[in-house]
Amino acid sequence: MKSKFSPPIGKISRIDGQCISLIGDDIDTDRIIPARFLKCVSFDSLGESVFEDDRKTLKGSHPFDLEKNKNAIILIVNSNFGCGSSREHAPQALMRWGIKAIIGESFADIFYSNCIAIGIPCFTLPKKSIEEIQNYCDNQFLFLEIDLENSLAKSKDLTLNIEIKETTRKMFLSGEWDATSTLMENENLIENKFNQLPYIKFNTDLAI
Amino acid sequence: MSQDTLFDKVWDLHKVSSLPGGSDQIFIGLHLIHEVTSPQAFGALKDKNLKVKFPDRTVATVDHIVPTDNQSRPFKDNLAEQMIATLEKNCLEHKIRFFNIGSGNQGIVHVVAPELGLTQPGMTIACGDSHTSTHGAFGSIAFGIGTSQVRDVLASQTIAMNKLKVRQIWCENKLSNGVYAKDLVLHIINKLGVKAGVGFAYEFAGPAIDALSMEERMTICNMSIEGGARCGYINPDDKTFNYIKNKLCAPKNEHWGKALTWWKSLKSDDDSIYDDVIKIDASKIEPTVTWGITPGQSIGISQQIPLLDDLSPNDKLVAEEAYEYMSFNPGQSIKDIPVEVCFIGSCTNGRISDLRIAAKVLKGKKVSKNVKAFVVPGSEKVANEAKQEGLDKIFKDSGFQWRDPGCSMCLAMNSDKLIGNQVSASSSNRNFKGRQGSPSGRTLLMSPAMVAAAAINGKVSDVREFINL
Numbered sequence: 001m002k003s004k005f006s007p008p009i010g011k012i013s014r015i016d017g018q019c020i021s022l023i024g025d026d027i028d029t030d031r032i033i034p035a036r037f038l039k040c041v042s043f044d045s046l047g048e049s050v051f052e053d054d055r056k057t058l059k060g061s062h063p064f065d066l067e068k069n070k071n072a073i074i075l076i077v078n079s080n081f082g083c084g085s086s087r088e089h090a091p092q093a094l095m096r097w098g099i100k101a102i103i104g105e106s107f108a109d110i111f112y113s114n115c116i117a118i119g120i121p122c123f124t125l126p127k128k129s130i131e132e133i134q135n136y137c138d139n140q141f142l143f144l145e146i147d148l149e150n151s152l153a154k155s156k157d158l159t160l161n162i163e164i165k166e167t168t169r170k171m172f173l174s175g176e177w178d179a180t181s182t183l184m185e186n187e188n189l190i191e192n193k194f195n196q197l198p199y200i201k202f203n204t205d206l207a208i
Numbered sequence: 001m002s003q004d005t006l007f008d009k010v011w012d013l014h015k016v017s018s019l020p021g022g023s024d025q026i027f028i029g030l031h032l033i034h035e036v037t038s039p040q041a042f043g044a045l046k047d048k049n050l051k052v053k054f055p056d057r058t059v060a061t062v063d064h065i066v067p068t069d070n071q072s073r074p075f076k077d078n079l080a081e082q083m084i085a086t087l088e089k090n091c092l093e094h095k096i097r098f099f100n101i102g103s104g105n106q107g108i109v110h111v112v113a114p115e116l117g118l119t120q121p122g123m124t125i126a127c128g129d130s131h132t133s134t135h136g137a138f139g140s141i142a143f144g145i146g147t148s149q150v151r152d153v154l155a156s157q158t159i160a161m162n163k164l165k166v167r168q169i170w171c172e173n174k175l176s177n178g179v180y181a182k183d184l185v186l187h188i189i190n191k192l193g194v195k196a197g198v199g200f201a202y203e204f205a206g207p208a209i210d211a212l213s214m215e216e217r218m219t220i221c222n223m224s225i226e227g228g229a230r231c232g233y234i235n236p237d238d239k240t241f242n243y244i245k246n247k248l249c250a251p252k253n254e255h256w257g258k259a260l261t262w263w264k265s266l267k268s269d270d271d272s273i274y275d276d277v278i279k280i281d282a283s284k285i286e287p288t289v290t291w292g293i294t295p296g297q298s299i300g301i302s303q304q305i306p307l308l309d310d311l312s313p314n315d316k317l318v319a320e321e322a323y324e325y326m327s328f329n330p331g332q333s334i335k336d337i338p339v340e341v342c343f344i345g346s347c348t349n350g351r352i353s354d355l356r357i358a359a360k361v362l363k364g365k366k367v368s369k370n371v372k373a374f375v376v377p378g379s380e381k382v383a384n385e386a387k388q389e390g391l392d393k394i395f396k397d398s399g400f401q402w403r404d405p406g407c408s409m410c411l412a413m414n415s416d417k418l419i420g421n422q423v424s425a426s427s428s429n430r431n432f433k434g435r436q437g438s439p440s441g442r443t444l445l446m447s448p449a450m451v452a453a454a455a456i457n458g459k460v461s462d463v464r465e466f467i468n469l
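These protein sequence lines map, in sequence, to chains A and B.
Note that our numbering has the first sequence beginning at 1, numbered continuously upward.
Note that our numbering has the second sequence beginning at 1, numbered continuously upward.
Same shape as in the complex, but just chain A (with noise of 0.2 Å):
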């Protein structure tokens, strides 16, 4: 919320930042976004509640307030980020409050597609190398020159191989996670599938 947020379009092939690193497993989205945040119909103001919980427990030496990583784009996780609710709420408020990109040990399934629906990638690495990183930003800032062309992650010291789901690299070099528009191309073969499928004739009364 440094400056005023854009959302991501087009092709994203690079992103360039400094890391902010967040400890523990299986950190679900009511963490990230607790419910009571979810009473919105925009998503606009979920950035200054991201985390809101956890951070006020932790008065003010949550990562996510401290002074040093205000500036930070690219988050660093361990396994299972992001498990439980289907809110995009939570990628939402990551991405308002200035997260482009996260790299982590494992990611739950529906939160890493709500990554890729809202353009932030989301890349892999062993235990070992995340634990290394994270130790690495506990002390001295960390900024990685993130490249999707070649899946590497490079700061002055150092070059990581990170993964990423081939079809979802593909997307992003490609501009294609903006799903909408491509579904839609295929309109005539939505219509035929429709027609074709046997269940849709047996129920001819869902209609009001």
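Think of the hints as simulated: they come from the structure by calculation, not from any bench.
One should not assume that every hint holds.
[What the hints assert, rightly or not] Here are the simulated DSBU-like cross-link-like pairs (lysine-lysine), alpha carbons at most 30 Å apart as the crow flies:
no. : chain 1 : residue 1 : chain 2 : residue 2
1   : A       : LYS56     : B       : LYS372
2   : B       : LYS48     : A       : LYS165
3   : A       : LYS201    : B       : LYS15
4   : A       : LYS154    : A       : LYS4
5   : B       : LYS191    : A       : LYS127
6   : B       : LYS163    : B       : LYS279
7   : B       : LYS46     : A       : LYS170
8   : A       : LYS201    : B       : LYS267
9   : A       : LYS201    : B       : LYS53
10  : A       : LYS39     : B       : LYS53
11  : A       : LYS127    : B       : LYS165
12  : B       : LYS245    : A       : LYS201
13  : A       : LYS165    : B       : LYS165
14  : A       : LYS39     : B       : LYS76
15  : A       : LYS128    : B       : LYS372
16  : A       : LYS100    : B       : LYS48
17  : A       : LYS11     : B       : LYS89
18  : A       : LYS165    : B       : LYS15
19  : B       : LYS163    : A       : LYS201
20  : B       : LYS53     : A       : LYS170
21  : B       : LYS53     : A       : LYS11
22  : A       : LYS100    : B       : LYS165
23  : B       : LYS381    : A       : LYS39
24  : B       : LYS316    : A       : LYS201
25  : B       : LYS89     : A       : LYS39
26  : B       : LYS51     : A       : LYS170
27  : A       : LYS165    : B       : LYS9
28  : A       : LYS39     : B       : LYS95
29  : B       : LYS46     : A       : LYS100
30  : A       : LYS56     : B       : LYS417
31  : A       : LYS128    : B       : LYS267
32  : B       : LYS163    : A       : LYS170
Quick caveat, the model's predicted, so the values are computed rather than measured.
Assemble the complex: chain A is given as a structure, and chain B must be docked to it using the hints.
Below, chain B without anything else, positioned relative to chain A:
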């Protein structure tokens, strides 16, 4: 790669195209929406000047934000009122069928769709809610999606998705008395872990699953996501077909026979291939209770909270976090831990059979004076049926508050919340930090029968000691 499973058959049937990036475009046969994850999707349609492609294939209800003590409009909570009003407006504008409060069919979306007969074998079902996996109990392929995908389904009736792998969880033997579907699924999640299901659909099968009622099967599939699997399903059988028959939106007349023939062809072939198979002995399971901050941190009622040394290296970090948050000691028995709030409800265990078994435990008994207990029926239908059977009276006589339908304290988006670090015995699905509305609230997940037993004793109890079940 899996072959000839129900998942493969339904996926292949609904595949519209292979997308340039390599993922599949999948047609969504039934789209369910509610007030929390849909407004931004409708907003995005408006921004892009798009229409709803097949309004008949989307059905709406309101559940997450509804108050359970007074549902008259406008709601006392302005934000909640704004959300229901937005959903009403969107449904009206886009000609989407909406089961509103007072319609007789409102309730938790995953309770309502099956009881209306909307949920059927062989469908793909999506909803902006992770517990959409519930509908897999009918042999549909059902999964939660985010708001951007809700937008995509509204606009195109399709989503982009990578095909999941399939793991069969074969449950041998039968559950013993006093042990329920909730105990079985908590046990499975404990054995496999909360992330084992990432990238998988879970097929629950075997004699213990065959023996379950449809409502119990919904409890199992509902919690697939707590094991990391966004989709869980059970092959349809006669119980499935009998449940659907004569429901409001079930196939009627000449369509019924055709539907039945097709549904019977869907189940996984005897020689189908799975990516993985796991076996569970259902007869060995006790009433099961969570002690920590993930649904995988559970133990049998006779067991003790595990010591750090007894856990695998990968589970230690979260276990330490859980000991601290819960203020429980490793080695402590789960039985007799005092509880202050008892909640029966949710898409996991808010159905009529859940209320029946809890009422059976409570009949003629009183809730402990130290406990606030309330029951929130999963839907208006469940509430009406319970009233006809006199269950509401049993609950009220015992000291339970009888509420109106909604998601309530499962996720605490309405005014039903824990206070401070209260301990709740809850029939819901998540014991995450802060999940039930207080940033320091503590949740113990268990079956509705076990919640009733805890309410009577004011502490975690073994329901098998209560009645001849």
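Hints versus structure:
1. A:LYS56 - B:LYS372: Since the Cα atoms of LYS56 (chain A) and LYS372 (chain B) sit roughly 27 Å apart, the hinted pair holds (cutoff 30 Å).
2. B:LYS48 - A:LYS165: Holds: LYS48 (chain B) and LYS165 (chain A) sit about 29 Å apart, inside 30 Å.
3. A:LYS201 - B:LYS15: holds (18 Å)
4. A:LYS154 - A:LYS4: Judged against 30 Å, a Cα distance of about 27 Å means the pair holds.
5. B:LYS191 - A:LYS127: holds (22 Å)
6. B:LYS163 - B:LYS279: Roughly 24 Å separates the two Cα atoms, so the pair holds.
7. B:LYS46 - A:LYS170: holds (28 Å)
8. A:LYS201 - B:LYS267: holds (21 Å)
9. A:LYS201 - B:LYS53: holds (17 Å)
10. A:LYS39 - B:LYS53: holds (27 Å)
11. A:LYS127 - B:LYS165: holds (23 Å)
12. B:LYS245 - A:LYS201: Roughly 16 Å between the alpha carbons, so the hint for LYS245 (chain B) and LYS201 (chain A) holds.
13. A:LYS165 - B:LYS165: holds (15 Å)
14. A:LYS39 - B:LYS76: holds (14 Å)
15. A:LYS128 - B:LYS372: violated (46 Å)
16. A:LYS100 - B:LYS48: Given pair LYS100 (chain A), LYS48 (chain B) holds - Cα atoms ~23 Å apart, limit 30 Å.
17. A:LYS11 - B:LYS89: Violated, at roughly 35 Å.
18. A:LYS165 - B:LYS15: It holds: about 20 Å lies between the C-alpha atoms, which stays within 30 Å.
19. B:LYS163 - A:LYS201: holds (26 Å)
20. B:LYS53 - A:LYS170: Holds, at about 27 Å.
21. B:LYS53 - A:LYS11: At roughly 27 Å apart (the allowed maximum being 30 Å), LYS11 (chain A) and LYS53 (chain B) satisfy the hint.
22. A:LYS100 - B:LYS165: Roughly 29 Å between the alpha carbons, so the hint for LYS100 (chain A) and LYS165 (chain B) holds.
23. B:LYS381 - A:LYS39: Holds, at roughly 26 Å.
24. B:LYS316 - A:LYS201: Between LYS316 (chain B) and LYS201 (chain A) the Cα gap is close to 52 Å, so the pair fails against 30 Å, i.e. violated.
25. B:LYS89 - A:LYS39: holds (17 Å)
26. B:LYS51 - A:LYS170: The given pair, whose Cα atoms are some 28 Å apart, holds under the 30 Å limit.
27. A:LYS165 - B:LYS9: holds (24 Å)
28. A:LYS39 - B:LYS95: holds (24 Å)
29. B:LYS46 - A:LYS100: Holds, because 26 Å separates the two Cα atoms, which is no more than 30 Å.
30. A:LYS56 - B:LYS417: Status holds; Cα separation ~18 Å.
31. A:LYS128 - B:LYS267: violated (42 Å)
32. B:LYS163 - A:LYS170: Holds, because 17 Å separates the two Cα atoms, which is no more than 30 Å.
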